[in-house]
Amino acid sequence: MSIPITFTGVALVAIGGAFGSVARYAISGTVTQWLQTIAPATRFPWHTWSINLLGCLIMGVMAGFALRHDWLNQSMRLLLMTGLMGGFTTFSAFGLEALDLVLQKHWSTALAYTLSSVVLGVLAVAIGLFLSSGSLSLQR
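Numbers 1 to 140, taken from UniProt numbering, label the letters of the sequence shown in order.
To be clear, the hints were calculated from the coordinates, so they are not data collected in a lab. Mixed in with the good hints there might be a few duds.
[Stated by the list, open to error] Quick list of in silico lysine to any residue cross-link-like pairs, SDA-like style, CA-CA up to 25 Å:
#1 Lys105 - Thr6
#2 Lys105 - Ala41
#3 Lys105 - Trp46
#4 Lys105 - Leu120
#5 Lys105 - Gln36
#6 Lys105 - Leu35
#7 Lys105 - Val10
#8 Lys105 - Thr32
#9 Lys105 - Phe91
#10 Lys105 - Thr42
Sequences are here, hints too, so could you generate the full structure?
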């Protein structure tokens, strides 16, 4: 399905993206500060990992509510799912950090980070979808 690009759509994505980015920045900073007190020498990028999993959970919840309650029209989808969650989740940072771990030859950390992000991210979406819709189906 092709979605036409309009000024309103761009504005909704930009507004959502701004809020999502600020939320990512705040939560990531908090997680980083907390982790420095309990695991100062860790190389695992916990801040990005936690944002990605939380973002997947929230995306699943939104998808479930949208299916169950039919409240997510095209404008809300652009604002919340494309904008807010696009600004909040950090898979581009994930890719860069995973590559950095590989280039530094931290093989086991790179493998653990990559696999756990993907597997637990999919699981978090499934949990969010089930919690918000009572089903693991994306069909109405």
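Here's how the hints hold up against the structure:
1. A hinted pair counts as satisfied when its Cα atoms are at most 25 Å apart, and Lys105 with Thr6 does not qualify at roughly 45 Å.
2. With a CA separation close to 17 Å, the supplied pair Lys105 and Ala41 stays within the 25 Å bound.
3. The hinted pair formed by Lys105 and Trp46 meets the criterion: a straight-line CA distance of about 18 Å does not exceed 25 Å.
4. For a cut-off of 25 Å, the pair hint linking Lys105 to Leu120 stands: about 24 Å separates their Cα positions.
5. Distance hint between Lys105 and Gln36 is fulfilled; the C-alpha atoms sit about 23 Å from each other, no more than 25 Å.
6. Distance restraint check for Lys105 and Leu35: the Cα-Cα separation of roughly 23 Å lies within the 25 Å cut-off, and the hinted pair is therefore satisfied.
7. Proposed proximity of Lys105 and Val10 is contradicted: the alpha carbons are some 41 Å apart, above 25 Å.
8. Taken as a hint, the Lys105 and Thr32 pair is honoured in the structure, with Cα atoms around 23 Å apart against an allowance of 25 Å.
9. For the given pair, Lys105 sits about 21 Å from Phe91 by alpha-carbon distance, which is consistent with the 25 Å threshold.
10. For the suggested pair Lys105 and Thr42, the alpha carbons sit about 15 Å apart, so the restraint of at most 25 Å is met.
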